[in-house]
Amino acid sequence: MSDVVERTLSALPGLLGQHDPGAGPGGGPGRFSATSRLGSLIRSITALSSKHEEEKLIQQEQTNLKATVSAPTTTLRLMKECMVRLIYCEMLGYESSFGYIHAIKLAQQGNLLEKRVGYLAVSLFLHENHELLLLLVNTVVKDLQSTNLVEVCMALTVVSQIFPREMIPAVLPLIEDKLQHSKEIIRRKAVQALYKFYLIAPNQVQHIHDKFRKALCDRDVGVMAASLHIYLQMIKKNASGYKDLTESFVTILKQVVGGKLPIDFNYHSVPAPWLQIQLLRILGLLGKDDPRTSELMYDVLDESLRRAEINHNITYAILFECVQTIYTICPKSDLLEKAAKCIGKFVLSPKINLKYLGLKALTYVIQQDPNLALQHQMTIIECLDHPDPIIKRETLELLYRITNGQNVTVIVQKMLDYLRQSKEEYTIINLTGKIAELTMNAVFSVGGDVMHPDIPNNFLRLLAEGFDDEKEDEQLRLYAVQSYLSLLEEEDTFYPQKFLQVMSWVLGEYSYLTNDGDPEIIITRLHRLLKQTFVTSETKAWIMTAITKMSSRMSCSKTVDKLIQEFSTSLDTCMRQYAFELKHLCENKELMKKLLPLDASCDEIMVDASLSFLDGFVAEGLRCGAAPYKPHHQRQEEKLSQEKGDMSSSGFTGRQSPAGLSLGSDMSGNSAEIGQKETNCLKLDGVRKLWGKEGYLPKKENKTGKEDKTQPVPPDSILMGHVVDPPLMQSEQQVVSLSEEEKEKKQLASTLFVGLGSNSSISLMGRADTINQKLKKKSKISETQNSEEASSFQNIATLPFSPLPDTAPNNKENFQGNEHLGLRKVSLSSSEVLEASVSFDTSQSLREAGLDEKLSNCRLSTSSLFADSNIEVFQPPKTVPDIVARKAPLSLCLPEELAGHPHSEIVELCSCDILTVYSCKVWTDDCSLLVLFVANNSTSPLKTVNLVFETTEHFKIFESLSCHFPVIEAQSMESCQKCVQLEKVCTEGILSGSISYHLDMDTHLEFSLIFSLSDFIRPMKITTEDFGRLWLSFSNDVKQNIKMSPSQGSLSIALNALKQKLKLHIVEIIGNEGIAACQLLPSIPCLLHCRTHARTLALWFRSSCSALPDSLLYQCQKMMEES
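Counted the way UniProt numbering counts, the sequence shown spans residues 1 to 1123.
A few of these clues could be false.
What the hints assert, rightly or not - Listed below are the simulated DSS-like cross-link pairs for lysine-lysine, each with C-alpha atoms no more than 25 angstroms apart in a straight line: (1) Lys956 / Lys594; (2) Lys237 / Lys1118; (3) Lys236 / Lys1061; (4) Lys1043 / Lys1118; (5) Lys254 / Lys351; (6) Lys211 / Lys984; (7) Lys142 / Lys237; (8) Lys341 / Lys351; (9) Lys254 / Lys562; (10) Lys639 / Lys594; (11) Lys288 / Lys351; (12) Lys183 / Lys260.
Said to hold, decoys possible - Simulated restraints on C-beta separations: (13) Ala1094 / Ser269: 33 to 43 angstroms; (14) Phe494 / Asn588: 30 to 40 angstroms; (15) Lys236 / Leu135: 31 to 41 angstroms; (16) Ser1045 / Leu598: 42 to 52 angstroms; (17) Phe494 / Ser333: 49 to 59 angstroms; (18) Ala626 / Phe494: 29 to 39 angstroms.
It is worth saying that the hints were derived from the structure and are not from the lab.
Glycine included, C-beta positions come from ideal geometry on N, C-alpha and C.
Work out the full structure: start from the sequences and follow the hints.
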């Protein structure tokens, strides 16, 4: 240890004393002056023997430092030394906040070395939200404008480390200019700073994506490598938007693999390994589910596998990324074989790190190729008993991925064995969730009603709270819903009451996750359970609650109406109460949705202890003559005074109605007081005792008698998991030759990997994708023949999203008033021209907002839905009627009630020979409507047509996520409309869905359409006084300076352009300043203050929503660049 300390002390003068005039090479007097006290401090600390002594020494050192830095005679050179010692104190965990302000001052003053130490101290002392960072902005701006390269580098470094999102507008234009700097180190650090900005505020750098592309093509490798970090993040969010850069990334990777980079980028003779890893990850994202893009990568991936043969850890990392990329993109057989060999080398390696990489790669690729696990089954069995716990845990993860109905018992037993030995909290939580997912049905079926109540409660809590991975949580919930729906399909099957309660809760909370489950069918199955005699009253309450939750997500239901009518006259008081509650809630859907929000079982409930929501009710009661509230002591005094008075004067005689008597607050006390009052007044002498502590006594006796006659449940009706052990295909001679240990491993392998053969029809548990019966993979021959005919089919891009405050819609009367427009039938004519009829007769507010600007003309696409895919569509059998030729056009028009509102073109969403779906956006004053037209192109009627939207966190669809058409007649069209609201602020987002119909067999078509922020923005008319009041009340703001083009001219021209594009209301323009206002539906305001100066437009947005100003600023920047 002493050797390390001595070497550290000897290196400190060279590190911190560079260019120090007193530190000459000859070892003069100043050689050790800058670090002598630091060296003495380090030696003193290392010589101590206890933590207490260290604390005492550091406190004394901090006292001396505080006096030194506060002294007015302290020189900058001495201040630099003090900062180094403060850094060391902070490194040991002792806060030195008194020196933070002096670190900022040191960064503002002194020569380069002192400024360097000041910036270093600031970056180590302060965090992004520290209030002292505001004092550093001017210093950073000044250094960014400096002609000294070192000062510019230091400023860019500190910006990329600790600058918060609120300070980005102050330095963003200067950093953009540094992208054109002549020195590569400046350009590289500028790209790194922009990468930091993209991570914390992506909307503020959306307008400079073109400059990112220039950085990718920079002549310097360091700048290009820095830009890959940004592209990796952007491609993760929107891969389809960067497909055109695939060839560029492939070319860069070829140059890297071919050794064309300078030798400085080599690491152990491997050319730029980290750059290769970044590029492989990017290519994997771009080539996923895209055969045409994947073809561009095959050669370079093959070359990467071939050249990564050096036995070094970094080459293993490259091989691992290659394997993941090969199995992520659309596969090629040759590459898959080579990747499988690499996985085999990893798994069979005696080195623990390589074995772990092999198991991790095997876990990743097992979903695409389950047979790969069979090739290494004995190695996997050995890994279960490996002494390294990480190897064991990764092996269990692999087994979890291959679990099916035949091997679930053995795999769960292995998980339980590991769980008993593990003491890590993360491992216990992770494995418990996996075991619960694999065994939940069997536990509840076998355990029945005798299990402890905590077991189902903990399971439901596990479903609701989930794990750290939201994707895994959703998969677990979806699997639970699907399994319970399949169980409810069986009629006359007995399930324990606890199991039925778990089913009811899960279906009520998460039935919306399944796309193929009609809510009406689920409610019908639950209704059937209510009629079963073995279902208890408690379980019926669970079922009614589930039906109520699902009803909140439906517009209307015949089954619910039937259920309400049936149980409104029930002798069961609880069921009758549930029926009346459901009836009243169904009459007010808006209230029902507020009471029963989606997936809100874990949301915290804010209790209003003061009952302030009843203030209006109390005021109305007092106005109508009700007595005011009396405190408890006052009620007691009045009670005593009444007892002393004449009792006859306080009663009422004959047929006098007690309704006219004012009871004041006598009945507003607690329940204990009321019970005592009634006990003193009631006379129970001679009355037959019908009620006891356990309930209604005669009924209790009858119920007990009936229970004795209950027939036992047949064991065949209980759902249990069975494990089928396949026979061992071995000869007796082989069995004799094997040792006992090898026999056990063979037996274990046969039970673990059963059901994974290529000829087995057993799917992996919850992992296999459901493939439509009409679709299958193309063969290589047909894929080659159709490659020239296929057209590219790209996904719609989505931009980053920011959170939105939890706001509920305030006004949907316009939409609710048009409920009769939900389904309209439109006749088809084969002789009419296919075109969209668009009318732009707007109301005054929307006309002022500039919605008369029509969207660009969009012709209806006639390309096939499955173009450019590896899916082949089977032709329908001969029994399907003849299809009308696609030349037969349709005539589309909006309903008369909506035609007067501004709306978009009517465009085609998806189509096939049988059916076509069109969409149109209608912008009303208080909502955005989506009108969908479903056209039957065939000569036969279509039955059971269901249009379902996918749930998304960005948009909210009112009433229901689905539209159901019982039948669409031949050559006709049906329409429906949905009110769409923006839940989370985003510049653009995707709303996806699917439509299914039945014509001899079930067929599904998927579609998606894009919504922009402007679809949900409306002008807000306010006065200048109201603007000033609101401006002071809002705390979320963002500022940005935008260069104006010569065509934009003055402020009025620019502001009017923003008004037309963003639907703003211009409040007032005075000279070179103007103010405007708008609102995000339903009622989130946003204010804009703008000012022009020297061909620059300064925009300042303020709003009550933190994410709205950023998104609107991006829209303004985009609009100003386009105009």
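Here is what the structure says about each hint:
no., hint, result
1, Lys956 / Lys594, "holds, 13 angstroms"
2, Lys237 / Lys1118, "holds, 20 angstroms"
3, Lys236 / Lys1061, "violated, 29 angstroms"
4, Lys1043 / Lys1118, "holds, 12 angstroms"
5, Lys254 / Lys351, "violated, 30 angstroms"
6, Lys211 / Lys984, "violated, 28 angstroms"
7, Lys142 / Lys237, "violated, 35 angstroms"
8, Lys341 / Lys351, "holds, 17 angstroms"
9, Lys254 / Lys562, "violated, 68 angstroms"
10, Lys639 / Lys594, "violated, 42 angstroms"
11, Lys288 / Lys351, "violated, 32 angstroms"
12, Lys183 / Lys260, "holds, 22 angstroms"
13, Ala1094 / Ser269: 33 to 43 angstroms, "violated, 55 angstroms"
14, Phe494 / Asn588: 30 to 40 angstroms, "holds, 38 angstroms"
15, Lys236 / Leu135: 31 to 41 angstroms, "holds, 36 angstroms"
16, Ser1045 / Leu598: 42 to 52 angstroms, "holds, 45 angstroms"
17, Phe494 / Ser333: 49 to 59 angstroms, "holds, 51 angstroms"
18, Ala626 / Phe494: 29 to 39 angstroms, "violated, 54 angstroms"
In summary, the structure is inconsistent with hints 3, 5, 6, 7, 9, 10, 11, 13, 18 from the numbered list given earlier, while agreeing with the others.
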